[in-house]
Amino acid sequence: MIARDTGLQLPSPATYNTLIAEGKMGAGIRFNVMHFMPYVHLPENHKDYKTTWVNFPNKFYDPEKGHELYRQYFDQLILADRLGFDAIVLNEHHNTVYSMMATPNVVASALIPQTRNARICVWGVPPNFMLPNRLAEEYAILDVMSKGRLEIAFPLGTGMEYWSYPVSPVTAREKFKESLKVMLQAWTADGPTTHYGNFYTYRFLNPWPRPYQKPHPPCYIVGSGSPETIELAAELGFGYSSVFVPKKTAQELNQRLRERASHYGHTIRPDQLPLLNFVYVAETQEEAEREYPIHLQRFFEDYARSSPQWLAPPGYLSVEQLKIRAAGADKMHGGFDFKAISEAFFIAVGTPEKVANQIGEWTERMGTNHINSVLHVADMPHWKAVKNMTLFAEQVMPKLRRSGGAQ
Amino acid sequence: MSKFVREEVTVNGVKTVVHTAGKGETLVFFHGAGTVDGFDFAEAWTDQFRVVVPHHPGFGESGDDPAFTDVHDYVLHYLELFDILKIDAMHLTGISMGAYFAARFALEHSHRVRKLVLIAPYGLDVAGHPALDIIATPGEQLVPMLVSNFDVLKKRLPEKPDMDFVGARYREATSFARLFWEHPIDPKFPRHLHRITMPVLIVWGDQDKVMPVAHAQAWKEKIPQAEVMIVPGAGHIVHLDKPETVGKIAMFLK
Numbered sequence: 001m002i003a004r005d006t007g008l009q010l011p012s013p014a015t016y017n018t019l020i021a022e023g024k025m026g027a028g029i030r031f032n033v034m035h036f037m038p039y040v041h042l043p044e045n046h047k048d049y050k051t052t053w054v055n056f057p058n059k060f061y062d063p064e065k066g067h068e069l070y071r072q073y074f075d076q077l078i079l080a081d082r083l084g085f086d087a088i089v090l091n092e093h094h095n096t097v098y099s100m101m102a103t104p105n106v107v108a109s110a111l112i113p114q115t116r117n118a119r120i121c122v123w124g125v126p127p128n129f130m131l132p133n134r135l136a137e138e139y140a141i142l143d144v145m146s147k148g149r150l151e152i153a154f155p156l157g158t159g160m161e162y163w164s165y166p167v168s169p170v171t172a173r174e175k176f177k178e179s180l181k182v183m184l185q186a187w188t189a190d191g192p193t194t195h196y197g198n199f200y201t202y203r204f205l206n207p208w209p210r211p212y213q214k215p216h217p218p219c220y221i222v223g224s225g226s227p228e229t230i231e232l233a234a235e236l237g238f239g240y241s242s243v244f245v246p247k248k249t250a251q252e253l254n255q256r257l258r259e260r261a262s263h264y265g266h267t268i269r270p271d272q273l274p275l276l277n278f279v280y281v282a283e284t285q286e287e288a289e290r291e292y293p294i295h296l297q298r299f300f301e302d303y304a305r306s307s308p309q310w311l312a313p314p315g316y317l318s319v320e321q322l323k324i325r326a327a328g329a330d331k332m333h334g335g336f337d338f339k340a341i342s343e344a345f346f347i348a349v350g351t352p353e354k355v356a357n358q359i360g361e362w363t364e365r366m367g368t369n370h371i372n373s374v375l376h377v378a379d380m381p382h383w384k385a386v387k388n389m390t391l392f393a394e395q396v397m398p399k400l401r402r403s404g405g406a407q
Numbered sequence: 408m409s410k411f412v413r414e415e416v417t418v419n420g421v422k423t424v425v426h427t428a429g430k431g432e433t434l435v436f437f438h439g440a441g442t443v444d445g446f447d448f449a450e451a452w453t454d455q456f457r458v459v460v461p462h463h464p465g466f467g468e469s470g471d472d473p474a475f476t477d478v479h480d481y482v483l484h485y486l487e488l489f490d491i492l493k494i495d496a497m498h499l500t501g502i503s504m505g506a507y508f509a510a511r512f513a514l515e516h517s518h519r520v521r522k523l524v525l526i527a528p529y530g531l532d533v534a535g536h537p538a539l540d541i542i543a544t545p546g547e548q549l550v551p552m553l554v555s556n557f558d559v560l561k562k563r564l565p566e567k568p569d570m571d572f573v574g575a576r577y578r579e580a581t582s583f584a585r586l587f588w589e590h591p592i593d594p595k596f597p598r599h600l601h602r603i604t605m606p607v608l609i610v611w612g613d614q615d616k617v618m619p620v621a622h623a624q625a626w627k628e629k630i631p632q633a634e635v636m637i638v639p640g641a642g643h644i645v646h647l648d649k650p651e652t653v654g655k656i657a658m659f660l661k
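Taken in order, these protein sequences are the chains called W and R. For the first sequence, the numbering used here gives the first residue as 1, with consecutive numbering after it. For the second sequence, the numbering used here gives the first residue as 408, with consecutive numbering after it.
Where hints are given, some of them may not hold.
As the list claims (entries may be wrong) - Below are the DSSO-like pairs computed for lysine-lysine, each with C-alpha atoms no more than 30 Å apart in a straight line:
| # | chain 1 | residue 1 | chain 2 | residue 2 |
| --- | --- | --- | --- | --- |
| 1 | R | Lys422 | W | Lys175 |
| 2 | W | Lys47 | R | Lys616 |
| 3 | R | Lys567 | W | Lys47 |
| 4 | R | Lys616 | W | Lys59 |
| 5 | R | Lys629 | R | Lys561 |
| 6 | R | Lys595 | R | Lys567 |
As the list claims (entries may be wrong) - Derived Cβ-Cβ restraints for the label pairs, each shown as a range:
| # | chain 1 | residue 1 | chain 2 | residue 2 | range |
| --- | --- | --- | --- | --- | --- |
| 7 | R | Pro597 | W | Thr103 | 35 to 41 Å |
| 8 | R | Phe572 | W | Glu174 | 38 to 44 Å |
| 9 | W | Pro43 | R | Gly470 | 44 to 50 Å |
| 10 | R | Glu547 | W | Glu320 | 21 to 27 Å |
| 11 | W | Glu174 | R | Met552 | 53 to 59 Å |
| 12 | R | Asp532 | W | Arg116 | 37 to 43 Å |
| 13 | W | His382 | R | Gly470 | 43 to 49 Å |
| 14 | W | Tyr61 | R | Met552 | 28 to 34 Å |
| 15 | R | Phe572 | W | Lys47 | 29 to 35 Å |
| 16 | W | Arg82 | R | Asp571 | 35 to 41 Å |
| 17 | W | Glu174 | R | Ile592 | 50 to 56 Å |
Since the hints were made in silico from the structure, they are not lab data. The beta-carbon is built from N, C-alpha and C at its ideal position, and this holds for glycine as well.
Only chain W is shown next, with the shape it has when bound in the complex:
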């Protein structure tokens, strides 16, 4: 029987009581290492290109150099597990030097047997770029393989990804919602079930395997603050992580999510609000400020170099949001200012004491105990990344674990 099914109508709000009881979620401060796996060998003339996304020629990709980078990056992430980080965070981007993780589930599946305790966070595959049952299957496989270490975030995907994929940005939000509905149904309802939607038809939704964690791995939504996205996270009772928005905005977004979630009968826990930040730790302040800023500068100027057209393909934003963002972009002038950018975003650079204090202050301000740190950025050499991670794990984490973060 064909019954059109286009609403969200979720089986039940996601709860993670088992995980919370086991102390894997909700209790105490938690530290992630987030990695972008950038391709760092930019050609000398790369500044001739307006952006390093979408149409930046892939002739500049050298697979031999790419192989060496994967080896380094895997070493770093495996080290993160050994050093006691709570989680490793992967993400997906396309057509860019910014990330060599076009398919993060492939990376996750390689990490799982090489790591022991760290939770593996795929934050994440934009559901619009995969058939939702297929994505539900891949995530279930990773969850079972890792014995329940998987965490998932659902991004809509940046504007750049839509220029790179044959999927319309105009209906992206609608399709995204339907994908989520299919995936949650696949995980939580005993199959076979059916789904007759606007974008997908499933006559036998019955994926094997099913996730290890019940009802399903912890889920978050990541975004840059669109009201539509916050509302969706609130409705689903999912966590939300804002990315690349200034501190003040991030704080407002967390507050908005708490308010909107309570409207739907959900209470947002501190661990559901991952705080994306950039950190560099060194023995002295001078050393940190000598070794780090150039990489952060290259991250913003070279690796994240996009364009208004790429950021907002037609229909990706509402006209209102487009005007707000275009007005914001108009105000940004001048080159890279380390001090200004450090003040505007969650960036901590310095001695272990300074970094620990700064993170402690963020947790209180943001009402979170979930620290999601980028410790390798842009063309940072391997040794700096290893040193940064080691000092962070050995000298920053213990200070904060004692104090516990926001509860």
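Model the placement of chain R on the given structure of chain W, informed by the hints.
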């Protein structure tokens, strides 16, 4: 002061703005994927025709309806609008995307279209002569490509675009992308073009940087009775570059 009278008509829930002027047989003009080029050129027709210029839903002054996901939704919209306006038969003209809409309307409802004028129509895939992908082309590059003499268009643009202007263009790009992002070309379209049986004039600028002038011949092959008028020196928006084209179209319609 424009001769046109502005009217708002609600068509199946969608606010549709229609500008009308003149007396005589009805001549409908369908604008293209943007509205910055205006339709004041059509005043020249009002001496001989009752000129009707609707704004497509999602463009210009008309309202939005996200249910318009297919060109056929526009065909049905106009079927309904013409019923409301009691336009039984008309001369139908259009440019670019609007010409594509006009051709789609004409092949489905040929008995209502007396004569059809297609100015640089969008819609055919011509081997060796690709149309410009206007979705992929940044606005600041695209706009000067629309005409051969940029001055004729420049005076219609704000000196420094404000956010309302930027927002309006984004909205029109969104409405266009809703139809064409995933499927810019309908491969079945040429198969139905033989159903266009009325007299047809195909107008093309030989300097068109958006839809190559070679497309004129491809249209002619599908619509054998069509007359082709190539306008030397004109770009995509033929009637802005060469205003005398407007009078020549009127002569064809008379």
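To see whether the hints hold, each was checked on the structure:
| no. | hint | verdict |
| --- | --- | --- |
| 1 | R:Lys422 / W:Lys175 | 26 Å, holds |
| 2 | W:Lys47 / R:Lys616 | 29 Å, holds |
| 3 | R:Lys567 / W:Lys47 | 27 Å, holds |
| 4 | R:Lys616 / W:Lys59 | 29 Å, holds |
| 5 | R:Lys629 / R:Lys561 | 35 Å, violated |
| 6 | R:Lys595 / R:Lys567 | 42 Å, violated |
| 7 | R:Pro597 / W:Thr103: 35 to 41 Å | 38 Å, holds |
| 8 | R:Phe572 / W:Glu174: 38 to 44 Å | 27 Å, violated |
| 9 | W:Pro43 / R:Gly470: 44 to 50 Å | 48 Å, holds |
| 10 | R:Glu547 / W:Glu320: 21 to 27 Å | 22 Å, holds |
| 11 | W:Glu174 / R:Met552: 53 to 59 Å | 32 Å, violated |
| 12 | R:Asp532 / W:Arg116: 37 to 43 Å | 56 Å, violated |
| 13 | W:His382 / R:Gly470: 43 to 49 Å | 57 Å, violated |
| 14 | W:Tyr61 / R:Met552: 28 to 34 Å | 31 Å, holds |
| 15 | R:Phe572 / W:Lys47: 29 to 35 Å | 30 Å, holds |
| 16 | W:Arg82 / R:Asp571: 35 to 41 Å | 56 Å, violated |
| 17 | W:Glu174 / R:Ile592: 50 to 56 Å | 24 Å, violated |
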